[in-house]
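> This is what each chain is made of:
There are 2 protein chains.
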Amino acid sequence: MRVTKAQAQANRAHIVETASELFRERGYDGVGVADLMAAAGFTHGGFYKHFGSKADLMAEAAACGLAKTASAEEALDVAQFFQRYLSREHRDARSTGCTMAALCGDAARQPAAIKATFADGLEGLLKRAEHAGAENGDQDPHTARARMIERFAQAVGAIMLSRACPDDAPLADEIIEVCRKAIVAPLAD
Amino acid sequence: MRVTKAQAQANRAHIVETASELFRERGYDGVGVADLMAAAGFTHGGFYKHFGSKADLMAEAAACGLAKTASAEEALDVAQFFQRYLSREHRDARSTGCTMAALCGDAARQPAAIKATFADGLEGLLKRAEHAGAENGDQDPHTARARMIERFAQAVGAIMLSRACPDDAPLADEIIEVCRKAIVAPLAD
DNA sequence: TGTACATCAGTGAACGCGCGTTCACTGATGTAC
DNA sequence: TGTACATCAGTGAACGCGCGTTCACTGATGTAC
Numbered sequence: 001m002r003v004t005k006a007q008a009q010a011n012r013a014h015i016v017e018t019a020s021e022l023f024r025e026r027g028y029d030g031v032g033v034a035d036l037m038a039a040a041g042f043t044h045g046g047f048y049k050h051f052g053s054k055a056d057l058m059a060e061a062a063a064c065g066l067a068k069t070a071s072a073e074e075a076l077d078v079a080q081f082f083q084r085y086l087s088r089e090h091r092d093a094r095s096t097g098c099t100m101a102a103l104c105g106d107a108a109r110q111p112a113a114i115k116a117t118f119a120d121g122l123e124g125l126l127k128r129a130e131h132a133g134a135e136n137g138d139q140d141p142h143t144a145r146a147r148m149i150e151r152f153a154q155a156v157g158a159i160m161l162s163r164a165c166p167d168d169a170p171l172a173d174e175i176i177e178v179c180r181k182a183i184v185a186p187l188a189d
Numbered sequence: 001m002r003v004t005k006a007q008a009q010a011n012r013a014h015i016v017e018t019a020s021e022l023f024r025e026r027g028y029d030g031v032g033v034a035d036l037m038a039a040a041g042f043t044h045g046g047f048y049k050h051f052g053s054k055a056d057l058m059a060e061a062a063a064c065g066l067a068k069t070a071s072a073e074e075a076l077d078v079a080q081f082f083q084r085y086l087s088r089e090h091r092d093a094r095s096t097g098c099t100m101a102a103l104c105g106d107a108a109r110q111p112a113a114i115k116a117t118f119a120d121g122l123e124g125l126l127k128r129a130e131h132a133g134a135e136n137g138d139q140d141p142h143t144a145r146a147r148m149i150e151r152f153a154q155a156v157g158a159i160m161l162s163r164a165c166p167d168d169a170p171l172a173d174e175i176i177e178v179c180r181k182a183i184v185a186p187l188a189d
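Chains as they are written, first to last, in the numbering used here: chain A, 1 to 189; chain B, 1 to 189.
These aren't lab readings, by the way, just hints derived from the structure by calculation.
It is possible that some hints are incorrect.
Said to hold, decoys possible - Below, simulated DSS-like cross-link-like pairs (lysine-lysine); rule was C-alpha separation at most 27 Å, straight line:
id, chain 1, residue 1, chain 2, residue 2
1, A, 68, A, 49
2, B, 181, A, 181
3, B, 127, A, 181
4, B, 49, B, 68
5, B, 49, B, 127
6, A, 5, A, 49
7, B, 68, B, 54
8, B, 127, B, 54
9, A, 127, B, 181
10, A, 68, A, 54
11, B, 54, A, 54
12, A, 127, A, 181
What the hints assert, rightly or not - Chain A is nowhere near these chain B residues, computed Cβ spacing over 10 Å in every case:
id, residue
13, 9
14, 16
15, 49
16, 50
17, 87
18, 89
19, 128
20, 134
21, 188
Claimed, not checked - Facing chain A, from chain B, some residues (calculated, C-beta under 10 Å):
id, residue
22, 104
23, 105
24, 116
25, 126
26, 136
27, 149
28, 157
29, 160
30, 167
31, 169
32, 187
Since the structure is predicted, the reported quantities are computational estimates derived from the model, not experimental observations.
For glycine and all other residues, C-beta sits at the position ideal for the given N, C-alpha and C.
Can you build the whole structure from these sequences, using the hints too?
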């Protein structure tokens, strides 16, 4: 049963978004094409009408997820961004949280196309930090960029280490809280 | 063809060590039981004479790999440890590098037994940092612990983000270098 | 110490299963007259 | 605008393949006498 062009396009976008969330939750190898299509409300056979392969979708889903982190960064100032990033809520919300934190371990073993998507996402984050620092006039772009790299690496590391701990381990919360203070406190000055 | 008890025990240890390296290189889902046994010099059938399941081996291999990071930390002072940790050599040496950096993304999706192994490994790292800080007399244990959490989260995040970039991306090296300076420079005082 | 038997580490074929992908088919949509 | 035909998004069965795991078998090791 054929479907409107507009509907088909909307369905495709919905599949990408669903995939983006499922991959973040379970990893690239943890989600099958059939799982994914079922979660989006379709049967698996139609998948190849939209995508050349599972790998193609992985790249699109990564780009889709990374764009969300980018818009969150743009909407908030640096302190607010990291205040939310380094929270238990973010750590526990794997499927809707940062794609970088959820999948950068997997990305490292993926083909160059997917790695390039991650690098582009990160570069976008840094470029915006450079501009923001320049606008506030309190940092030259080079310093603003370096500070953002340091903070983001720490924030991603904290979320990932925290998620690798058992849910009930006090250490899981401790990592988040210590790193949140380390990043946010100096920004309050 | 049966084998000496001592030989069997040595073979078992060799399988665990081989697995630890292969898992770090390709991730838990990227290595099959047959791959692994072949890499260790055996056929796959004998696997279940040593281990109850692949998951059991994953836990043992994680413990084995994390112990290596622990002994590296013990042998070096803090500045030396991070100087080596945040190097291109470490980033490129996935199979022999830090298990936490190679597998904490995968660990987050594993059963509690494996997560507990990671948490224990991290706790060991922190306990030694507390003692080292106390011995030097320049930090109380609580502060030494917090500083170690901050530094280690940043170091793990930097290695993981760097590895998620394409090999030829300048950003991959930039992340490592910026974070190495951020951690090591203040320690030189 | 020497002999006979039980044990069990390691082998390689075989198992069921779920994966990514293909394909013939359906029927509403898009298009040409 | 109405009709006839081509298109193609979505369906569900089927494919080959590699996975984790099982099993009958081998033959050197360990053990009991």
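> Against this structure, judge whether each hint is valid.
Against the structure, the hints:
At most 27 Å may separate the alpha-carbon atoms for a hinted pair to count; residue 68 (chain A) and residue 49 (chain A) meet this at roughly 26 Å. Pair hint residue 181 (chain B) plus residue 181 (chain A) holds up; C-alpha atoms about 21 Å apart against a cutoff of 27 Å. For the hint pairing residue 127 (chain B) with residue 181 (chain A), the CA-to-CA distance comes to about 21 Å; that is within 27 Å, so the pair holds. Proximity of residue 49 (chain B) to residue 68 (chain B) is assessed by CA-CA distance (about 26 Å); at most 27 Å being required, the pair is judged to hold.
This hinted pair does not check out: residue 49 (chain B) and residue 127 (chain B) have alpha carbons roughly 36 Å apart, beyond 27 Å. Only pairs whose Cα atoms come within 27 Å are accepted, and residue 5 (chain A) paired with residue 49 (chain A) is accepted, the gap being roughly 13 Å. Under the criterion of a C-alpha separation no larger than 27 Å, the hint pairing residue 68 (chain B) with residue 54 (chain B) is consistent with the structure, at around 21 Å. Taking the CA atoms of residue 127 (chain B) and residue 54 (chain B), the gap is about 31 Å. The hint is violated against a cut of 27 Å.
Restraint check for residue 127 (chain A) and residue 181 (chain B): the C-alpha separation of about 21 Å stays at or below 27 Å, so the hint holds. Annotation: proposed proximity of residue 68 (chain A) to residue 54 (chain A) holds, straight-line Cα distance about 21 Å (limit 27 Å). Proximity of residue 54 (chain B) to residue 54 (chain A) is assessed by CA-CA distance (about 26 Å); at most 27 Å being required, the pair is judged to hold. Restraint check: the Cα-Cα separation between residue 127 (chain A) and residue 181 (chain A) comes to about 24 Å, which is no more than 27 Å; the hinted pair holds.
Residue placement check: residue 9 (chain B) keeps its beta carbon more than 10 Å from all beta carbons of chain A (closest about 30 Å). With a least CB separation of 20 Å from chain A, residue 16 (chain B) remains clear of the 10 Å interface cut-off, as annotated. Listed as a non-interface residue, residue 49 (chain B) keeps its Cβ farther than 10 Å from every Cβ of chain A; the least gap is roughly 27 Å. Against the 10 Å criterion, residue 50 (chain B) stays outside the reach of chain A, whose nearest CB is about 25 Å from its own CB.
Against the 10 Å criterion, residue 87 (chain B) stays outside the reach of chain A, whose nearest CB is about 15 Å from its own CB. The Cβ of residue 89 (chain B) sits about 16 Å from the closest Cβ of chain A, beyond the 10 Å cut-off, so the non-interface label holds. Remark: the non-interface label on residue 128 (chain B) is consistent with the geometry, its nearest Cβ contact in chain A lying 15 Å away (cut-off 10 Å). A cut-off of 10 Å between C-beta atoms confirms that residue 134 (chain B) is not in contact with chain A; the least separation is 18 Å.
In this structure residue 188 (chain B) is separated from chain A by more than 10 Å, as the shortest Cβ-Cβ distance comes to about 17 Å. Taking 10 Å as the C-beta contact cut-off toward chain A, the hint placing residue 104 (chain B) at the interface holds, the least distance being around 4 Å. A distance limit of 10 Å between C-beta atoms decides the matter here; for residue 105 (chain B) the minimum to chain A is near 2 Å, and the interface restraint holds. The interface hint given for residue 116 (chain B) holds, since its Cβ lies 5 Å from the closest Cβ of chain A, which is under the 10 Å cut-off.
Using the Cβ-Cβ criterion of 10 Å, the hint placing residue 126 (chain B) at the interface with chain A is satisfied: the shortest such distance is roughly 8 Å. Using the Cβ-Cβ criterion of 10 Å, the hint placing residue 136 (chain B) at the interface with chain A is not satisfied: the shortest such distance is roughly 20 Å. Hint status for residue 149 (chain B) relative to chain A: holds, with the closest Cβ pair at about 5 Å, below 10 Å. Nearest Cβ of chain A to the Cβ of residue 157 (chain B): about 3 Å, under the 10 Å cut. The hint holds.
At a threshold of 10 Å, the smallest CB-CB gap from residue 160 (chain B) to chain A is about 5 Å, leaving the interface hint in force. Here the hint on residue 167 (chain B) is kept, as its CB sits about 8 Å from the closest CB of chain A, short of 10 Å. Against a cut-off of 10 Å between C-beta atoms, the interface hint on residue 169 (chain B) holds, since the closest Cβ of chain A lies about 5 Å away. The interface hint given for residue 187 (chain B) is violated, since its Cβ lies 15 Å from the closest Cβ of chain A, which is over the 10 Å cut-off.
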